[in-house]
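So the protein lines, in turn, are chains A and B.
For the first sequence, this note's numbering gives the first residue as 1, with consecutive numbering after it.
For the second sequence, this note's numbering gives the first residue as 1, with consecutive numbering after it.
Just to be clear, a hint being listed does not mean it is correct.
[Stated by the list, open to error] Calculated pairs, EDC-like style, for lysine to aspartate or glutamate (alpha carbon to alpha carbon, straight line, at most 20 Å):
| # | chain 1 | residue 1 | chain 2 | residue 2 |
| --- | --- | --- | --- | --- |
| 1 | A | K149 | A | D294 |
| 2 | A | K285 | B | E76 |
| 3 | B | K192 | A | E108 |
| 4 | B | K193 | A | E297 |
[To be verified] Listing some non-contacts, in silico: residues in chain B with all C-beta distances to chain A over 12 Å:
| # | residue |
| --- | --- |
| 5 | S61 |
| 6 | E68 |
| 7 | Q72 |
| 8 | P120 |
| 9 | Y160 |
| 10 | D162 |
| 11 | Q171 |
| 12 | P180 |
| 13 | S184 |
| 14 | D189 |
Everything labelled a hint here was simulated from the structure, so no lab data went into it.
Ideal Cβ placement from N, Cα and C applies to all residues, glycine included.
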Amino acid sequence: MFHFTFDLLNHQKMTTKQVEQVITPAGKHFVGNGFFVHNIIPGSQGLSMERVSPFILLDYNAPHYFAPTGTPRGVGVHPHRGFETVTIAYKGRVEHHDSSGGGGVIGEGDVQWMTAASGVLHKEFHEKEWSKKGGMFQMVQLWVNLPAKDKMSKPKYQALANDQMGVYELENQAGRIEVIAGAYKTTQGPASTFTPMHLMNAHLVAGGKAEFNFPAHYNTALIVLEGKIQVNDESAVSANQFALFQNEGEAFTIEATENAIVLVLSGEPILEPIAHHGPFVMNTKQELMQAFEDFNEGKFGYLED
Amino acid sequence: MKPNTLSTFLTSNIDLKEAFLQLLFSSCQIKQVNKGDYLLQPGETCTHSFFVKKGLLRQFSLDAKGKEHVLQFAPENWFMSDRDSVFFHEPAAYYIQALENTSVYLIDEPFLTNLAHKDPQFLDFNLNLLHKHIRQLHKRVQLLLSATAEERYLDFVHMYPDLMLRVPQIQIASYLGITPESLSRVRSDLAKKNQGR
Chain A
1 MFHFTFDLLN HQKMTTKQVE QVITPAGKHF VGNGFFVHNI IPGSQGLSME
51 RVSPFILLDY NAPHYFAPTG TPRGVGVHPH RGFETVTIAY KGRVEHHDSS
101 GGGGVIGEGD VQWMTAASGV LHKEFHEKEW SKKGGMFQMV QLWVNLPAKD
151 KMSKPKYQAL ANDQMGVYEL ENQAGRIEVI AGAYKTTQGP ASTFTPMHLM
201 NAHLVAGGKA EFNFPAHYNT ALIVLEGKIQ VNDESAVSAN QFALFQNEGE
251 AFTIEATENA IVLVLSGEPI LEPIAHHGPF VMNTKQELMQ AFEDFNEGKF
301 GYLED
Chain B
1 MKPNTLSTFL TSNIDLKEAF LQLLFSSCQI KQVNKGDYLL QPGETCTHSF
51 FVKKGLLRQF SLDAKGKEHV LQFAPENWFM SDRDSVFFHE PAAYYIQALE
101 NTSVYLIDEP FLTNLAHKDP QFLDFNLNLL HKHIRQLHKR VQLLLSATAE
151 ERYLDFVHMY PDLMLRVPQI QIASYLGITP ESLSRVRSDL AKKNQGR
């Protein structure tokens, strides 16, 4: 695999990766009663599943206050097949259970990486104790597509605690990069992935700069979770906004104009047909119909509500 | 997944001329109905059937104890009508409610009759649809009289492949004539037999 050492002496070899568009997400909707999200991929103009593959869905729960309750809010039992769900927690705590026996709680800075693959049922609720107190809630949920050869592989679950993330301390006390998957420079993230990709949170202090370098053909994007940044000294991106990069050039710079947290995603596109309906993402219509049949007949297992 | 307009639905069943389709469209109103709202309630009369373009309808009755009984669901490309009301001009016996934000074609009964008179192909098509509907009702009665809960459930999911993901289980149990607990048991027994297969 391509290795990402960033050598300033070789800078002239690299060309700049420019921002293609900055997107201010449209309205929010509830997923179940516990996630109040902007759908950014594939719901935004120019962000089809194919365009941003392998990242085929991105729901962003911008900071939202949930009042205390004895009955945790969330999403009840539902199936998935053919891809992975990746939940990145910024504020609040979420509890997860699935029919393959995976489960756990994630809180601030943690990531849950569930490979649905051949099929799981799962449910996601705010953690019981957190619900009793209520509070601000902020999360990203990504769907990461699987290549055809892995769509029917065995489900698995990776609980990635914040202290497992690869941490790269930036020069000049600019901040740090927490690597979830792939690498930033020489620092690797803990997640195991099926296709090459890089996923990381950049925590930058005001005035801090970080440089990134990904292959030109990788689909690359970022979302600003807090603060405000300037990309390549030209495009301003504020909290809640999403920026998609062109598939030309490799290197870009982000500079925080306020203290900022930025999720950066870059992955090799999976160039296979996408057949999507509801919670299933396959390659053909026949496979989709099979997914419904298998789900209805209990082949994904069973999970109590 | 499926053709999503009345025109593709009809052309997949009979060979209709383009001009004829234009006529049909120009005469069908589209109505938007919000999730939870009603297209029809008992006691009302209405002169049209509904064809679901996008969304989901259910037809149900309320018994004396206030319990709901679901007669039918209509997702995309399904017809739904209250026959008392549309064909016999009597007050409706059922509720027709949108379970999702839904857009429906309103199909006037007199308009359908006219079409049938004008075009024998359409008459055949419409008769065939009616016979299919009656056959389906017979099967439904038979299942309710003699089938196990599992058989009813499997028949339901073959006919409506994605409704387990769109409709609360309590309403599916009502359609099947079983308790929600029985429906959970059927699904968990199936999972024990079939998980991972």
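Verification of the hints:
no. : hint              : result
1   : A:K149 <-> A:D294 : holds (19 Å)
2   : A:K285 <-> B:E76  : holds (17 Å)
3   : B:K192 <-> A:E108 : violated (36 Å)
4   : B:K193 <-> A:E297 : holds (9 Å)
5   : S61               : holds (26 Å)
6   : E68               : holds (20 Å)
7   : Q72               : holds (19 Å)
8   : P120              : holds (34 Å)
9   : Y160              : violated (9 Å)
10  : D162              : violated (6 Å)
11  : Q171              : holds (15 Å)
12  : P180              : violated (10 Å)
13  : S184              : violated (8 Å)
14  : D189              : violated (8 Å)
The structure does not agree with the numbered hints 3, 9, 10, 12, 13 and 14 stated previously, though it agrees with the rest.
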